[in-house]
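So the sequence lines, in the order shown, correspond to chains A and B. Its first residue numbered 1, the first sequence is counted upward by one per residue in the working numbering. Its first residue numbered 1, the second sequence is counted upward by one per residue in the working numbering.
Calculated from the structure, these hints are not laboratory results. Treat the numbers as computed from the prediction; the structure is a model and nothing was measured. Keep in mind that the hints are not guaranteed to be accurate.
Pairs count within a copy or across copies, as identical chains cannot be separated in the list.
For lysine-lysine, the following DSBU-like pairs were computed, each having C-alpha atoms within a straight-line distance of at most 35 Å [to be verified]: (1) Lys142 with Lys239; (2) Lys239 with Lys280; (3) Lys98 with Lys280; (4) Lys92 with Lys128; (5) Lys92 with Lys142; (6) Lys269 with Lys98; (7) Lys98 with Lys128; (8) Lys94 with Lys280; (9) Lys128 with Lys142; (10) Lys128 with Lys269; (11) Lys94 with Lys128; (12) Lys92 with Lys239; (13) Lys104 with Lys142; (14) Lys104 with Lys94; (15) Lys92 with Lys269; (16) Lys280 with Lys92; (17) Lys269 with Lys94; (18) Lys94 with Lys142.
Single-letter residue listing:
There are 2 protein chains.
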Amino acid sequence: MKIAKLVLILAYLSTSLVKADSTWVQPDSENLLVMQLSSGRVVLQLAPEFAPAHVRNIRQLVAQGYFDGSSILRSQDNYVVQWGDPESEPGKQKSLGKAAATLKVEFFRDLEDINFVEITSTDAYAEKVGFVDGFPAASDGKRVWLAHCYGMLGVSRDVEDDSGNGSGLYVVTGHAPRHLDRNVTLVGRVLEGMSLLSSLPRGTGDLGFYESSSEYVPINSIKLGSDYFASSPAGIGLKMMNTNSAEFMQHVATRTSRTEGWFLEPTGKIELCNVGVPQK
Amino acid sequence: MKIAKLVLILAYLSTSLVKADSTWVQPDSENLLVMQLSSGRVVLQLAPEFAPAHVRNIRQLVAQGYFDGSSILRSQDNYVVQWGDPESEPGKQKSLGKAAATLKVEFFRDLEDINFVEITSTDAYAEKVGFVDGFPAASDGKRVWLAHCYGMLGVSRDVEDDSGNGSGLYVVTGHAPRHLDRNVTLVGRVLEGMSLLSSLPRGTGDLGFYESSSEYVPINSIKLGSDYFASSPAGIGLKMMNTNSAEFMQHVATRTSRTEGWFLEPTGKIELCNVGVPQK
């Protein structure tokens, strides 16, 4: 009886260790969104662990086809691109259908509940920085929140803290605006097609909004990864380095030490948003 | 006699104070370069105080028309655009004329020799950070060097520390690659037209180089500001906030505190490359 229990425990441990040690992981298509632009596809990975209500709402909107025929409305240099319903007049806007119209911001997870892989870095904005299952994150030693690095996906909102709902989304295309951390809900990151967003012409209106509708960039569709990749057993194909793996810590060390011959004064330092998560 | 001397000293002091207190400064056209693309003009401001030999060489190349008919050869997402002679075969390359072919890297100025305006920030890469006459900079308490923030202009080089000469130049178009500080010579910053560079299609070759010459972005010309603006007494028109002014320190304080109503958790922190120097 005792031995059987021990075997079970060992079996469980070995499974979880193998999982934790795996260097490359394929993102679960359940957590992917695929945005189709005329220039190609952008694949986004959602972070339901950090923003469960927002991710649920975004999935609902996507399932309803809310973003099909929507537009990229804003491209502010060194900041963000933003998309949503091109119609701003309340009566004419697309229906949110079954999705919630107001959602309170979601930022925090408890440090003790999650796998926060801390890196050695001095950060301008937080006590600790590191990664949680592929996402750059910061912590005060108790709570952990996602960090606004290049390529992160967030939910636009107005002044009220429940004025966002996921019908307006943005991606960071410039130097990390980390002052937005804990102020806007981050819901994921771009895995593929980032340059289709970052190289868009900049809007000439206030905050980089396109001034005329002829400048809007059409979004043909946004689909759930589980639908988009349903007919393709390999899914996205792309593999991301597992930030819980020893190889990732080696990657961080290499990015920190910079001992390649080209460097004259290897920095020996690294900043969170300069780490990057390798993919293949 | 003594009174006359005192008056002269006071007159001198008041002039220099007025100059130091002036909130807005118009960049000296002597230190400007104007790059003409088919999409518009890009104005660059040189930093001869930090890289005198490189700036002299670049001016020489520009005066010889070296860059007229050259090309942007590289656009690497979240990193840099780079330009120079599209011909890589030694025998066929453009002549450097009177310009030097090799220049040792130039990084440092003594802190005590310059006006380093330190800001309150925790930096991942340096002990102190701040601004020197408009340029973001870092310091170890003795030396000061320019920092690789968005929009900074640098000199490409190979492995040897004297393999750059200014015939190949790059501009930072992504999250600040601060590990390049003290490794590549920075020679200036973009003042106008940044989005013409940052929104270029990304190259699909290694390091974001364009794979075929049909993708190269033609540079019609690069001219010295002193020539380009010679016929226009107003010069560039653009005014930059004087980083030595009280108003600039107020700008840094505002960017740090973020007490605007929109912010839920004002950060109270700032990172060097998120400060930005206002212009009008």
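Which numbered hints fail: Going through the list in order, the structure violates hints 3, 4, 5, 6, 7, 8, 11, 12, 15, 16, 17, 18 and respects the others.
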